[in-house]
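Please model the entire structure based on the sequences and the hints provided.
Read off the chains here:
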Amino acid sequence: MQKEVSAKKAPDKSSSIDEDRRSNAPEELDITTIRFAGDSGDGMQLLGTRFANTSAVFGEDVMTLAEYPAEIRAPAGTIAGVSGFQLSMGPQDIYTAGDMVDVLVAMNPAALKSNLEHVRKDGILIVNEDTFTEKNLKKVGYEENPLENSALAGYRVFPVGISKMTATALEPLGVEREQIGKSKNLFALGLICWLFNMPLDNTLNWLKTKFSKKPEVIKANTEALMAGNKYGDSNELFVTSYIIKQPEHKKQPGTYRYLNGNSALSMGLITAAEQAGLHLFLGSYPITPASDVLHELSRHKEFPVTTFQAEDEIAAIGAAIGASYAGSLAITSTSGPGMALKTEFLGLAVSVELPLVVINVMRGGPSTGLPTKMEQSDLFQALWSRPGESPLIVLAANSPKDCFDTAIEACRLTLKYMTPVIILSDGYIANGSEAWRIPSLDELPEMKAQFHTDAEKFHPYQRDPKTLARPWAIPGTAGLEHRVGGLEKEDITGGVDQSPENHEKMVHYRAEKVRRVCADIPPLEIEGNPVADLLVVGWGSSYGAITRAVMNSNNDGVPVASVHIKHLSPLPQDLGDILKRYKKVLIVENNLGQLWTLLRSIYLVDAKLLSKVNGVPFKISEVENKIREMVKG
Amino acid sequence: MAEALVRKDYVSDVEVRWCVGCGDYGILKAFTVAMAKLQLPREKVVIVSGIGCSSRFPYYVDTYGFHSVHGRAPSVATGVKLTQPDLSVWIVTGDGDALSIGGNHFIHLMRRNPDINMLLFNNQIYGLTKGQASPTSPQGKITKSTPFGLIDGPMHPLPMALTAGATFVARVPDTDNAMITDVLIQAHKHKGVSFVEIMQNCNIFNDGAWFPIAKKANRAENSIVLKHGEPMTFGENNSKGFRLKGMDIEIVDMEKDGVDVSELLVHDMYSKDATLAFKLANLQHPEFPYPLGVFRQIEAPVYESGVSKQEHDVAEKLGRGDVKKMLHSGETWEVSV
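Each protein sequence line maps, in turn, to chains D and U.
For my numbering, add 146 to where a residue sits in the first sequence, where the first one is 1.
For my numbering, add 32 to where a residue sits in the second sequence, where the first one is 1.
Rather than coming from a laboratory, the hints here were simulated on the basis of the structure.
Note that CB positions come from ideal geometry on N, CA and C, so glycine has one too.
There's no promise every hint is true.
In the PhoX-like style, the derived pairs of lysine-lysine whose C-alpha atoms are separated by at most 25 Å in a straight line are [stated by the list, open to error]:
(1) D/Lys603 <-> U/Lys76
(2) U/Lys356 <-> D/Lys397
(3) D/Lys612 <-> D/Lys651
(4) D/Lys447 <-> D/Lys594
(5) D/Lys376 <-> D/Lys310
(6) D/Lys397 <-> U/Lys76
(7) U/Lys356 <-> D/Lys447
(8) U/Lys341 <-> D/Lys447
(9) U/Lys357 <-> D/Lys359
(10) D/Lys356 <-> U/Lys221
(11) U/Lys40 <-> D/Lys447
(12) D/Lys603 <-> U/Lys40
(13) D/Lys359 <-> U/Lys349
(14) U/Lys349 <-> D/Lys360
(15) D/Lys447 <-> U/Lys357
(16) U/Lys349 <-> D/Lys354
Covered by chain U, according to a simulated footprint, are these stretches of chain D (three or more residues, beta-carbon under 8 Å) [claimed, not checked]:
(17) 247-260
(18) 386-394
(19) 422-434
What follows is the structure in structure tokens.
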């Protein structure tokens, strides 16, 4: 359906909707992007999540993007209050939530006005016409009703009386006005499920579980859902319905589920702790967009998991360090401003050489910045923002499901090397969702935690000759009583020692320990055409856009390779050779060039930069255009 | 049974580097005496400190110790206690560490009520940074950072602790070894957070801050030792006492004023109502003698017990956590070969 992101071998006829065809046979589509938009109280996130879930269960590849305002309930009907949820679905290889929108569901004039620019020409607009009142139009600066003039020429507009029809369906059942308002999104979901020939049963099951204690809510929502679905069926408005093509290749067999990045992180942490036989401890403080890690882990006390909602970001990491000292697998989770507050304690964690995983779900900065938008601008902060020479391990997750693997990898490395690990995720993948094949436990890497118990010849800073890790000697162990702290420690004994030779030695030990993690990093995977002249390098959540852009370019005869870096500190040992193998290198990141600066300075390569800092992830087309430009130029 | 531990067993081999004459020496000694009296296994004791002169304390005690960052020892101690609730966890802090940079953590430690003991060495000065005003320095105080006199009013740690919900609140002078030892033992035995202000002399930068009670000879006139169930008396021959006049505490001289001991306030450290403790904690010298001893001790839910119980209850209800079950929870679907 989208020319910009057409998947390989897409048949021509599927790339447009034939308006004249008045047949009941559903039209087959390839990759399709849908956006739901409405007031932040209209339940758009829920509507989008439910539809994405339905599509995923139905076998589609799905990736989602949640866009919501920083305000909880901005004044109703205003542009500031618009909440959006976008998803891209298709038979396979969906790597992003899509570039241009094929179908926009707009619940009010504000949603239409603020989202129209995302809709491709000829795209479908399903609009709740009941909200297009004079008052609402005025609120967003529409002089005239766009549904009644030529403002929407070029789009296929379907005005639907969603509010009134929901009311008509629910009033006879005696449903309260307030609940009718809340059920509008279910009407829209029913309609969109009809339009894409998606079944309703998984939503019906979900309603039953979700509202098991509120039968009246189940009833109202079920009726609204069915009414929306029936409306599509019995109405002449829509000339056709659609169906997403069957995948060309079978997916890897297994059990699948749908999940977002923050859930994946949380489940990865619990899994790692269980594999290692350790108690999981989270010290955290609420902050957007990281709070869901705190919420999710707080729901799983049965493992047991201890979650400590601290008085501030600093106490959150302090408690995590204390828990680690006492033998927990300790985590702290936050976003950029919280990271800033944690830096002193992070320095202590480096100095006392205890395991600790620090999660930064990045958002736009500086300062409070853009709490609900994504950015990748905390890379330098992760690498260096501590007093002194304070190296640690930094990993980046590249997609919602990759958050699971990244959490496991972080725990594995922190336990093995006794040094803190920072995980960088961001608002896009934290709230974005995709289908995930659930791994079996024997697929996971070995996770080992050993507390030191032997009092003979015990020295708190006697290092493992291979990893340079010091022993983990926890309180309660007789004979190992010792003191740790932020003052420089004497090599081997761990006593306070501020002599010049000792400090130099310890600074080098801590750096060398992190450097040795290189030996634990798998070789980088080169995607696309490995013998191309151009190499695209990315990290974190730009993985989807880069991968699809590289795929599309190669399909179109533009040769390009790509490599995506998960281990940002230390960098993989084969990275330098790979960079030098290509004539041109392009670095793609949502900041002003942090990885770009880093790679240029370390490897002396004349890499070019594609930067984007508007709070929104890269579009496939943006990366693709830059690739073409560089290959031609 | 293992041999009984003696005081020396708790003394580490690290050379103590406080200034000669520092009040910390006496506290260190009393602490190790208390440890030996309690016969606490050394591996079961963790001392967590922040930054400052007092915070070097853990190095000198042969137990587990963690010298953390400025003001934040309460958070580290909380993490330790939540992971291993059976450890005896002590925080050693100072007036700058606990009340200035660590004020927030101090308040929240008190309100959560974990079974952690906090010893605040209050010398009314920044010692380790060589003599700046601290949050407990009196108004007008001339220090390096306040050469024309301190404008800020002081913070009073005892009322702060009480207001924040501390369940054990005490004050002792650094010169009374026996009283420190006794109060530390009580603090250890108390289930819940214990806050002990130790009036500590910094003989280099603020010598004599607690002069009125430093010497035993002056103590009777300038302090009142609170004893549960006993009338509040002080002075030579215990001839003076506290009486309630309206809502205020007043000093009476039993002989001169012809007041019977039965009219005096009787200390009730277990009272559910914090009013009396709060009034005593707010009394300022020289209008009043310094109240010493245990102001208040009440029973309240202990934080780490609540945390473990909740985890236990959830596991009881849902069954012990199972990774496979968790990963497969919610809606799943199969893709077959």
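**Those earlier numbered hints the structure runs against, lowest number first** = Hints 6, 10, 11, 17, 18 contradicted; others consistent.
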